[in-house]
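Visitor: Here's the letter readout for the chains.
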Amino acid sequence: MLDNHQHDDKNTETTNHILLSADDIAYVKRGITILTDISLHLHSKEIITLIGPNGAGKTSLIKILLGLSHATSGIVERREDLRIGYVPQRIVVPEVMPIRVYDFLNVTGLYDAEQCEHMLDEVNCAYLLYSPMQNISGGEMQRVLLARALLKKPQLLVLDEPASGMDIIGQQALYETIRHIRDKHDCGILMVSHDLHLVMAATDRVICLNTHICCTGHPDDVSEHPEYLKLFGDAVEGLALYSHHHDHEHDLRGNIVDSEHCQSCEHHVEKD
Amino acid sequence: MDSFILYALAAGIALALVVGPLGSVVVWRRMAYFGDTLAHAALLGVALAVAADQLPMAGVGLIGVFIAVVLFWLEKQRDLSTDTLLGILSHSALALGLIVLSAIQTQGFNINLMSYLFGDLLAVNQSDLLLMYGSVVVILLVFSQILSPLISMSVNEELARVDGVAVEKIRFIFMILLALVIAIALKVVGILLITALLIIPAATARLFSKSPKQMVLMSVLMAVVAVVLGLYSSLNWDFPTGPAIVVSASLLFFVSRIFSRTA
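Which chain is which? The protein sequence lines are F and G, in order.
All the letters of the first sequence, read from the start, carry residue numbers 1 to 272 under my numbering.
All the letters of the second sequence, read from the start, carry residue numbers 1001 to 1263 under my numbering.
Keep in mind that the hints were calculated from the coordinates and are not lab data.
These numbers come from a predicted model, not from an experiment.
Each residue gets a CB set at the ideal place from its N, CA and C atoms; glycine is no exception.
Looking from chain G toward chain F, a few residues come up when the C-beta cut is under 10 Å (computed): (1) R1030; (2) L1207; (3) F1208.
Same shape as in the complex, but just chain F (with noise of 0.2 Å):
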């Protein structure tokens, strides 16, 4: 089943640029198989987006690959000094703590305002920088992460679901800011989504899991792979009659019509 091997010329050609690798990873928790079997590389500058359905294992990977949980079998091999910059599905700061957005982000004590502004600025929430971070929206959080994680200057970025939670829009403003990120900053990106047609143009090559790898390569091909479409066919479906009624989206603004005619629509695909 593993045919991320479809790869290696690739792999061979930028074998000094892998960030991570990972071999023949499982990881079995209170007798319960998460994930087996799997192998990959991650390089550097590279976007690769890891979709599964719900209780695939991905984030049960991502901590594997970051170190934060260990492998019950298998290697991770991290570059030497490797730079991780982290953003998590969503954090929850305690309420009993006084914290605004710039001591979360100086924590260590290494930037000045200036540049913890700046990094604030890039993901376009400059505005917030003395804001305590209770008092954030949970669309303006993950860009606070994401400005967290780029001041460390990481070589690899690794994203948990960044857009989950957020309306459409704001995904793909978000997505919009990875994409950015990359060109600027160098580095190799690693994020779970639930959603390959949103990050598609983003990136560079999808791994879709579940438990194991069931078919990688880039989003095109992917999509039409009969391992992805076993696994998504049902809401690639339902994705195409979400994306059609996007398109009015101008006649959407009003609230309430919203609403109502998101209802009619989903009735809609119930009839079908």
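Since the structure of chain F is provided, determine the placement of chain G on it from the hints.
Guide: Chain G only, in chain F's frame:
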């Protein structure tokens, strides 16, 4: 002013210098119960120290470190939550302490239990002070080294780990520091009220702080004010000193809550 008052003041301020910073972290990381456990275990430390003819403060410090080690080991097993583990440790240590205490009392040792339970600030002498300030310097030096990683861990442990913070190591060092603070607090407020001085000044400082480091400094200020007020009221109205300090800290807490709401 009599020298015993100056000694008492100096001892109280020594304690304030450490409960502020460490208390802030205790509040951020929800470690109040851990503080309580160390305090309960302190009685065992006192009893053992008296039996071995050593300084009670040393006994409390050692037992605290021992509890930290045991907790650290138990937490790795992951099948019981920390508060359950603390409940086990806390009350086992307390019960054991009471047994040792009664054993050495029947052996003819004379222990003034009340002074350990509620502190005996006015009986502080020069050598106590020397030991206290020595510990304060060590605690603050180590604390200043681990403050940044502690802040980082308190926000989110995974992020801290990815940034290269040795989370386990820092957590363990912090537990040891806390054990030392309990040892210092023994003479000042006593075993039963130690946690109060960790929690209350820090909780008050939260209101007036915008950043973690500000909260650390504000907590010291609140603790110093509580010590001065407590000592003053104790001398004027003959209140027991330890409880007077804790009540002063609580007053500060409630007054600042009320004022910040109306402001």
